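Generate coordinates for the entire structure from the input sequences, incorporating the hints supplied.
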Amino acid sequence: MRIARGILERFVSLDETQLTLSRLLDDLGIEVKRVHREGDETYCDLELLANRGDHRCYEGIAREVHARTGSPFHHMETKSLAGLPSVENNIYVETKRCYRYALAKFEVIKGQSQPSGGLLKVLNAAGEGSVNRIVDMANVAQIENGQPLHAYDAEKICGPVTVRESARGEVCLPLFFSEPVALPEGTVVVADDRGVLSVAGIIGCQRAAVSIETRHFLLEAACFDPVAVRIASRALAVSTSASQRFERGSDPETILFSLERAAKICEENDLAIPTALTLLQRGSKSFKRRISIKTERLAEFIGWKVDDGSIRAVLSRLGYEVQQDVDGLLLVAPSWRYWDVAEPADVYEDVLRALSYNMCPEVPPPNTQGSLATETEREKAALRRGLVAQGFFEVFTDAFYSLATRQNLVGSEEHPLWAHVEIENAVDRRYSLLRNNCLAQALEAAAHNLRFREQRFRFFEMCRTFRPAVEALTPPQEVEMLWGLMAGDIHDEPWRTTRDVDFWDAKGLLDVLGKTVQRKIELADCLDHPLTDCLHPERRSIIRAGSTAIGIVGEISPTVCRRFDMAKARLVYFEFDLHALLNAPLNPRRSRLGAARPPSKRAISFVLPARVEAMEVVDVIRSVAPPWLVEVHVTDSFDLPSPPGARSVTFELLFDNALSDKSAKDINAALEKLSGSVASRLLPKGVHQRQ
Amino acid sequence: MNEMEKLKELLAEFEERAAALETSDELAIVEREFLGKNSVIRHVLKSLKELNPTERASIAALANSTREKFETTIRERRAVIADRESQLLLTGEWIDRTMPGTWQRPGCLNPVTIVEDRCIEILRTLGFRLEEGPEVETEYFCFDALNIPKHHPARDMQDTFFVKGGYVLRTHTTSVQARVLATRPEPPLKIISRGRVFRNEDVDNTHLAMFHQLEGFWLDKNATFAQMKWVLRFMAEGLFGAGVEVRFKPKFYPYTEPSLGMDVRCTKCAGQGCEACGKAGWLTVIGAGMIHPTVLRGFGYDPETVSGFAFGWGTTRLASQFFGLSELRAMYQQDIRFFRSLMDQ
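Protein sequences appear in the order of chains A and B.
Read in order, the letters of the first sequence correspond to residues 1 to 691 in this note's numbering.
Read in order, the letters of the second sequence correspond to residues 1 to 345 in this note's numbering.
Keep in mind that the hints were calculated from the coordinates and are not lab data.
Source: prediction; values computed, not measured.
The beta-carbon is built from N, C-alpha and C at its ideal position, and this holds for glycine as well.
Examples of chain B residues lying across from chain A (beta carbon under 8 angstroms, computed):
1) 105
2) 113
3) 136
4) 164
5) 165
6) 200
7) 201
8) 209
9) 226
10) 227
11) 229
12) 231
13) 247
14) 251
15) 257
16) 258
Encoded structure:
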């Protein structure tokens with residue numbers, strides 16, 4: 001909404017000794033987005049509070065200024081319509097969603113066809129154009145006092161005027177529409193014998209529109225149910241200044257005043273003379289709420305003792321009827337606040353706003369003892385920091401993707417990841433499905449960077465995946481995941497080295513992450529993880545924490561890379577269930593150096609043919625080792641010239657030496673036994689000790 | 001040639017050879033030749049006992065002085081050659097120091113997380129603790145429990161993604177507040193929630209379908225508007241520095257009454273008006289308010305005895321202000337160039 005300072009001053013005097021107009025309005029909650037001058041006039045573009053329909057006019061804004069400053073508030077002049085006969089058309093209100101309804105008939109004064117300068121000034125200030133003299137007059141009246149008015153050409157109306165709800169299949173042709181539209185059944189309409197004259201509170205129809213030829217018009221002022229207007233406005237996808245006001249609640253008691261103000265504008269502009277008036281009220285519903293407030297409670301609630309006189313003064317200026325009660329005030333809220341003032345807290349807000357939020361003191365609350373992060377929060381933060389230290393950047397991907405992305409990733413309905421939680425109403429169809437894995441978006445991230453010839457990247461994200469509910473009436477399952485993706489050279493600056501990251505880098509990273517949170521992360525054969533077929537068949541593993549499979553790691557399958565337009569990319573990916581990791585048993589840190597003597601170290605090398613994994617050797621060693629073997633791990637490996645795939649792998653064994661009860665001879669004997677066991681058990685697979 | 005002449009000749013030869021020494025390898029050869037087990041001087045010294053006493057003394061003296069001369073000369077030459085060779089070695093190890101360093105560089109957290117962590121750190125000092133809630137939420141916790149009935153204009157402010165099965169993607173983290181209050185905890189209660197929220201709208205430079213919010217609420221026997229203002233200023237000073245200028249203005253949120261917005265004086269232009277603050281000189285950073293009595297009653301609290309305040313902000317927008325980003329989208333596009341540029345700052 002845009003207002004002109006000069007016009008606002010017709011309603012309230014502006015004293016700027018304290019605050020400029022824009023600061024004053026801001027402070028009142030009428031946010032000034034822009035101030036600009038044109039000629040002698042200053043204009044303010046306003047952003048209004050969503051619940052304050054009454055602010056959508058000069059009178060409403062002036063009332064707020066009046067409440068704050070106490071400057072006199074000026075009502076606009078009216079022309080009384082008392083004593084006029086009823087409109088000759090019978091008028092019926094057949095829906096309870098119209099609370100008040102009035103039609104005043106006017107006879108247009110012949111002679112003039114151009115709108116007057118006074119009307120144009122108000123319209124232009126509001127950023128509205130001129131339509132014709134009658135519509136301009138109605139619009140100006142609304143801009144002044146907020147009551148929407150709608151004009152019908154009286155001679156185009158056939159029979160009685162009825163406010164009713166639309167029948168199934170009923171259509172109408174609204175203004176500015178090129179085709180008739182079907183109205184949802186139950187839409188409140190104003191109709192005559194030939195059908196719909198207007199969609200109530202939203203837009204008129206073409207067949208009864210006023211024009212420069214109009215000689216008699218009916219001016220409608222009404223109060224419609226805000227929800228009814230809102231539903232119809234959404235259904236028709238039409239938003240007008242009238243509908244915006246009605247949706248926020250119009251003033252049910254201002255119907256007659258607004259018509260009398262319109263009559264005055266007509267008179268001032270030699271436009272028309274009122275000749276008839278019918279005013280209907282449905283039911284005896286009161287639109288003035290009675291609220292009791294205790295001033296002590298007000299002081300407790302806002303934490304500021306305001307004297308009773310100030311409270312009474314600002315509330316009176318805001319239109320409340322104020323009476324002293326036994327221990328507080330008995331208030332009658334003004335009818336234009338029927339829709340947003342319902343209880344004491346609303347009144348407290350009015351008092352605070354009128355006095356200024358900035359005047360209220362700031363008081364430190366009690367109970368400000370600090371708190372600590374939980375263990376889970378600390379561990380998540382540690383994982384984030386750990387990944388950052390390893391060169392990863394934290395990204396946020398959308399929680400959803402398109403049907404095409406799913407098709408690209410999993411291909412067919414038989415795939416275990418085909419089932420998704422679906423979004424019913426996405427504006428953008430890229431948001432059709434809630435993700436059930438993180439790989440799809442990791443791949444899109446990779447493709448995006450590779451398109452820009454960025455070959456090296458490390459990304460991670462903590463996010464949720466969504467799985468369809470297993471049982472009816474239960475929500476989709478949300479799983480908090482941590483995923484990471486890496487590609488490109490092992491170093492930031494590849495001018496010294498050229499090796500790209502691979503499976504082992506991811507494995508090492510997972511090991512580091514596990515150590516960061518003191519959980520043992522191990523890898524195992526891929527069996528039934530839903531992403532198994534998206535990863536390289538020879539370079540993928542299940543991630544385990546304790547005895548639980550928590551995720552998957554591996555190089556992305558070249559087939560999948562091709563489907564995402566990355567023919568030559570080597571991408572290494574992992575994802576795991578974050579909570580499953582953090583719920584795994586702690587692997588407490590223990591220092592062996594704390595013992596009286598450090599462990600004794602021995603090394604042993606085996607030749608392993610292709611497809612025999614080092615872990616098989618470790619498993620055999622562990623199975624036959626004495627209890628004082630504390631650790632076995634690989635320390636070296638190199639490829640042998642033949643046969644293809646064969647390599648020599650060196651294992652380091654640590655023997656507990658704390659009690660000093662094992663001699664070198666004992667340890668060497670144990671080592672010999674271990675190597676013999678490996679050689680005999682794995683000989684069928686071609687494993688033998690390297691001399 | 002007698003022994004005396006032989007030694008003199010040997011000394012002369014040594015001096016000539018020693019003067020020509022260039023490398024430590026050559027030095028080793030000369031050392032071995034003139035001082036080694038099979039050297040002439042060793043041979044002379046070994047054969048002294050075969051000489052008559054008169055000759056022995058004079059030849060022994062000459063042999064010893066010659067050997068000392070050899071040793072001294074070789075020691076001196078060794079030092080010179082070692083220096084020279086060191087110098088050569090170092091010169092040969094010249095590097096271009098202007099090439100980029102190669103140590104593993106850290107990545108970085110998303111700006112949104114950095115800002116969120118900072119906010120949480122500040123709020124923890126007041127005793128707030130973090131709670132989480134689902135992103136797929138019921139309409140009850142997302143709207144109805146928060147005084148936003150169907151067809152309320154506020155639902156327009158938050159165009160919603162509807163999920164099959166009668167759920168929505170949460171439009172604000174206030175749903176976590178509702179979930180916590182539904183467990184009917186006894187006050188005092190100080191809760192923060194952070195996370196992703198969703199709006200069903202077209203994406204452009206300043207609008208996203210998914211972004212981040214952070215929210216806190218404080219429920220107590222006598223929480224007041226004045227206390228809320230104090231907490232908000234504390235928050236602003238924690239984020240923007242002590243002495244930051246703030247102002248409060250009325251706002252509307254359906255779940256709070258009274259509601260307010262807190263502006264801070266634009267730190268970029270010091271209030272003069274710039275692109276970052278839309279020429280206003282002020283930036284609205286936090287929305288807040290006293291928890292609406294309808295919300296409290298809905299969860300079984302009596303608003304006459306229990307009150308509270310809630311506050312929240314878009315951490316996405318706050319992060320864009322902190323990092324001087326003109327496009328919110330950059331934080332949600334996985335473009336390595338953007339993230340590297342953050343590290344360059």
